[in-house]
Every structure is written in C-alpha cells, then in structure tokens.
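Peer 1: What follows is the residue order along each chain.
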Amino acid sequence: MPELSNTVRQRLGARPVPATHPDPDTLTAYVEQSLPLGERNQVVEHLAACSFCREVVALSLPGVPEQVIVQPVATPSRFWKFGFRWAGALAVVAIAITIGLVIKGPANKELTRKSAPQIAPALAKEASASKATDQTAADQSPTQEASTRGQSVSQANAGSSGRPVNGLPRAGSGETQSLPPAGRDRIAGKDTQDADAKAALVLNSGPIPVGILASRNQPQPIPAQPRAFVNNNLFEDRANTFNSQYSYHDARNEQARQDAERLKKQTTLDSPRQVAEQDAPRKGFLRKAVPIVPIATSVFTAVKTVVGGASVASDAAAGERKTLVSAPPPPSPAAGRPPINPSVVSKQASTIPHEAPDTRRAREASPTPDQLHWRVQDGKLVNSADLNQWHEAYTPQGDEIQFKVVQAQGHEIWAGGTNTTLVHSWNGGVDWQKLNLGSSASGDIEKISLSGGDVQVKTSNGQSLISRDGGKTWTPLNGDGNPPQPK
Amino acid sequence: MNFGSKPAEAVLPAVRELYEKSGAVRFGLTIECFEAILEQVAAKYSPEANSQQKQQLWRELRIEELALARACSAGNEAAWVEFLNKYREKLYDIARGVAKEDSNARDLADSLYADLYGTTEKEGRRVSRLNFYMGRGSLEGWLRTVIAQEFVNRYRKTKRLVSLEEETEEGVQFSSANSTPIQMADHRLGEATDEALDQLGAEDRLVLAAYYLDDRTLTEIGKIVGVHESTISRRLEKLLKTLRKQVMLGLQSRGMNRGQAEEALEADVRYLAVDVRRRLQENRSAAFQEDKGSD
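Chains as they are written, first to last, in the numbering used here: chain A, 68 to 554; chain B, 45 to 339.
It is possible that part of the hints are untrue.
Here are the computed lysine to aspartate or glutamate pairs in the EDC-like style, where the Cα-Cα straight-line distance is at most 20 angstroms [to be verified]:
no., chain 1, residue 1, chain 2, residue 2
1, B, 282, A, 467
2, B, 98, B, 76
3, B, 282, A, 459
Here are some, though not all, of the chain B residues that point toward chain A, as calculated from beta-carbon distances under 10 angstroms [what the hints assert, rightly or not]:
no., residue
4, 56
5, 253
6, 254
Calculated from the structure, these hints are not laboratory results.
Just so you know, even glycine gets a beta-carbon here, dropped at the ideal spot from N, CA and C.
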C-alpha cells in the first residue's frame, strides 16, 4: 500500500474531535451491525475523527476463535533412511576407534585393527557371554549408561533423517534403537535369542554396548542432545535455554543425569514389550496439538512507543519473527511505570501499542479463506466466512447496481443484477470484472448457471445467453436451449 | 428500583408481549418496572419518537439481556446467579483478549465486576454499572466495549506518567535542542489537503485514519467498517489516487501550475517538518479528557 503524504496524515489527524462520544451501547450495536442506517452514519462520522473510539471499537471486535492444528511429522525418504542408517553406524564406530587410539594408545590396538564389520559381531558375542559384567557396569555407572543411550538415540536420529526435528524414532516402527538401555540389558542377559537380538541391535544401530565399553575402559562418547520436539517453538525454547543458561556440555551432562535417574526406575521392567510401553508416552508428542494464538494477540507484540519520540518497533518485529505460535505476551501498559512517584513528570498520552507496519503488512499477505459463503442481501453482494458476519464484497463504481443472483464455484464467483449487470471474480472475490453481455441483452439477470466451463444467464425478459470462454463473448440461446445455427 | 407506578391495564400490549418474552418475571421485575425501563431506552435514543417508532425501537432491543441486566442492577439474587453463570468466565476471557496479559486482564475484569455489582452508593443505594446497559447490542458485546474503554483509559492514564529515571533511560538529556521547524513551503498545500479531505465521505476518512494513523490491519478495518478486507484494500488505493488528484486540483485552483503543484507535493514528502506524533497525541489527549465526563 502506498504511503500517505505528510500533509494528508497531519490534516487527517488534526480534524476536530466531536465533543461527545457514543455510549457503549451504541458502539456495541455498531460493532454488531445492528444500528439503523442514520445512526450508523453518525457513528462512522464520529469514528473518522475520534481516535479514542476507534481504539475502543477495534479492541471490542469479537476475537478470532482459537484454532488447533496437528502438525504431521515429515517422513524422510527411503533413500535417506537407507543411506544414513549405515553411514551413521560407520561414522560412530570410526569415531570411537579414533578416540580410543588417541587416548588409550596401545591398550586398544587389538580393537583398532579390526574393521567395523568385524567389531560388531565380536562385541555382540562378548555381550551375550558377559551378562554379569554388563549388569555390574550398569549399576556402577548409570551416568555412562545414560550417555551411551543418548548416543544410541543420536545415531538413530542421524540415521532417520539427519535433522533434529525429525530425529525422533517413528512410532510403531519397532526399531530396537528406541528401547531404553535397561531394556537392552535385559535383552542381553536373558537368553541366547535375546543375545542375537542384541547383536542385531549392534549391527543396525552401531553403538557399542555400554557394558563392553565400561569393561574396556573406553572413553564414553558425549551424550547426544535429548530428543528434539516436533514443534518448532518447543525446540526453539530448548535451544534458547542452552544458549542462555548453560554451556552445551553442562546441559548434556544434566540430561544424562536425569536419564540415569530414570534408568534406575526402569530396572523392574521385565520384557521389551513393557519397556516399549513405558516408552510409548514419549512418542506421543510425535503428533502434538499446537494451540494457535489468535492473530489479534500478535497485534500487541510490537510496541510502538511514541512518548519519547523513540520507536522500539524493531524489538517487537524481532519477536514477531518467532512465529505466531510462540508470540510472547505483550508488555503490560503499566509494567515498570509506578503510578505514584515523587519524581514524576507529565507527558502526552500515547497510542495503544500496535503491530509494526512491516510485520502487519507481511501478515496481510496471507491468503483469504478459500471457502466463503455468498449471497445477495438487500440488493448487495455479500460474503461471509462464518455465516455470522456478512461483508459487502463488491462495491459498485459509478452506477447503482441491485444484485439479484450469485453463483459460486470454487474461486469463480458470478453475480448478476439489474440492467444486465454481470460481474465475475476468478479469485474468490479479490478482483472483479464487470462483463458486457452485448447490446442485444436487456432486463435484469435472474438466473446464473455454471456447468463445466460454460456460464449461462437468464434475464427477466426471457433471454438466455451462454458464454464458453469465461464471459468474454456471449451467445444468445434459442428457445430450445441451443445456440442459433450459422446460416 | 423506583420507576413509578402505573395501573397494569394501561400497559401497552406491545410492552406486555415484550415483558413475557424477556423472562423478567423470573427475576421479580414487575411489568410496570419493565415498561419504565423501555421508556428510559426510548427517551435516550428516540426522544421525539411516536408510539409506533418507540415500539419499533423496543423490538430491536436485546430484551432478555436487558431484563437480566436491570434485574441484577436491582439486586435480584436469581438474576445475579444467572449473570455469573453466563458471563463471569466470559468477562475474564474478554479482558484477556483486550489486555493480552493475564494479570492486567484479571485486574481489569475484577474492577469491572465491582462496578457491575455497584460499589458506590447514591442516596443509600448501590449504583450498578449494569443500570447503563440499554440493550441495543448484546450484553456480552457491551461488556467487551466497556472493558475496552476502561483499558484504553487506563493505558492513556499510565502513559502520561513517566518517571524521571525512565526519561533518563530514554536519553532525554542527550537530545539536541529543538531546532526551528522548517516552515511549510506553501500554506496552499495545507488548504488544498483540507479541502480534499472534506470532500471525502466519513467512512473513507475512517478507513484512512484507521490504516495510516492507527496502523490497523485490513482485516480489522474490514470488521470495523463491515466489509471484506479486500474491499478495504481496493478502497485505500482508490482513495489515495483520489486524494492526490484532488490536492493537485486544489493547488492549481490556488494559482499553481501543474509543475509547481507536483513539486509542492514532492517537497511535502521530503522536507515537511510536521510533528505528526505530537499533533495526534494532542488530539487523543483531548478525546480522553472529554470522555472522562461521558458515560
């Protein structure tokens, strides 16, 4: 929208304000569109000059109902899933070997000589043979156990998509990597079949079982970040927490400690099924309902302070970028401004804070609802998104038009009225085109029929016309409903 | 409530019909009281109306909600129970919608709730704010408007008081001395603009003011005016073109040629030193002062 020139802005704001204001009853009736025309015009005249009443009316508009949307989890393509599964496993094994070489040196020579495919089965065999060792190690170092679990999850994340948002194990996939460590230890120690399962686990996901690492005094890998949330706002909050309060490693150690505590509670679980059930609620947030804050809320995220002549709209605009869902609560008008203060100076009143114009205009670019309801009311063409509030959709320019009929098909809207007036919108009522039915047409349009790409209108004089090209040309129909044959 | 007494036979049939429809009898309102309330509404909004016009006005009222509000105002227990059941939660929701912040919203709603119950006394009687409800719009809408008014009043009141510390934080001490404003190049520009604005309709001026002065969105303006937002968008574009054209014509009629008029308009954008904020605030301040006495 073009900007208004300074003079016009100044003169518009300096128009005299009426001495009296409409009472709340009248303003309410105005908002609810139940005022008679004469009174309505008076209120409009007042609102045009009175910023106070404009603000009151704007604030007392019925709010937008809260919407709840369900964000589906993006499923990675099979190609990536296949590729990253092995890439992740190999990468982790390589890192573990490298770390082992660097830190322990000769103590791990035997381990490093083996290639990755050789290591995994060997470790699996050791796992099945050393149940007691595993259990002891798990009991002695819960933190290490938790950190290994974190690594496992991290690899699972990397294997599935490589992005934190999609790093969650998919619900119902049945992959053993989603099992908690206590469950895995149970699997390893139960019988040989379970030992095979553990071997499969090692082969699939790559991490070395914690017991073996502990028994070999291997350095524990850094635990991965906790599972990312699907919702961007939650993920962003967690990221902010990391940035602002803790160092990265502190946060991970804290997470590892929490996991270790949870691990102790899980020792009573007997079967993988129970373990999976225990884990199920955490998968529940794969589809999380996110309440969307009404748009009106975001209006107050941008504070335009005009008292001191300094604008802080930039901060507010930054807040706006955090998405509507996580829009922070607006600053309180009275916050930080004690009403009684011995050193108080008087200042001019200010406007109610509003959204910054840039963000506002960006939001206005959002599309209008696809499905509007259309009808003709008192000769006017009106539409509504909710069947409660009806808005005039077409303002006649110049001549007076009394609409008689309207037909809508998707975004195609056709409306007819007096004096063969026919208007057409191809984009749901945003733009309109007034059509000419030809000199032979007369009377009022009383019926519009849409069939495929054809539009047929009928006038009050009994004429029927059809257009097969979206209203560019019109052909009169004979009495039998067919166009006249060329001679 | 003392509305005077009147023999029941003298009550108009239309009033009787509305009385039955309103359910006022549940709250102990007599038909005479009810008629007095209707007469009060008619006296306020159509003081010179004849009987038929009055009846037309009464039929357009939210008669059930009017009876409920006035019964509450009169202190009827059953009415208060119904009011609380219907509107107490809504009151907080509305306040939250207006204030956008929980503690302020609760404060706002509690304050209004006290006003509705009636804290001040006049001649030994509580004065309830519900006594001002006339039923022209819904009671919920009326509560929303009253809360909005209260919020705007409070906000403006608070914004007038700024501590010296805050001023210092804002860096007032570092601001340069007020420079002499550049005078408007030609007073004819202002006159031509005034003339062009006068030629616009009230609704057009409302749309312009809401968009350019209040920074309202197209959707909000659409709801205020009662048309679709796309209509507002088109109307704004058309208005700007019309305004420019009218100002150009006004300048030319005041002795400028076309080139000079265009130059004056360009100079307006580049050099005009108008303290728009100050002018607008003056305007709003006046509105606030006048509003304090109303209602």
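Peer 1: Each hint needs a verdict: does it hold in this structure or not?
Peer 2: Now the hints, each set against the structure:
About 18 angstroms separates the Cα atoms of residue 282 (chain B) and residue 467 (chain A), which keeps this hinted pair within 20 angstroms; it holds. Proximity of residue 98 (chain B) to residue 76 (chain B) is assessed by CA-CA distance (about 16 angstroms); at most 20 angstroms being required, the pair is judged to hold. Distance restraint check for residue 282 (chain B) and residue 459 (chain A): the Cα-Cα separation of roughly 17 angstroms lies within the 20 angstroms cut-off, and the hinted pair is therefore satisfied. Interface restraint check: residue 56 (chain B) against chain A, minimum CB-CB distance 22 angstroms, threshold 10 angstroms, status violated.
Because the beta carbon of residue 253 (chain B) sits about 6 angstroms from the nearest beta carbon in chain A, less than 10 angstroms, this interface hint is met. For residue 254 (chain B), the suggested interface contact is upheld, since its CB lies about 6 angstroms from the closest CB of chain A, less than 10 angstroms.
Consistency with the previously given hints fails for number 4 only.
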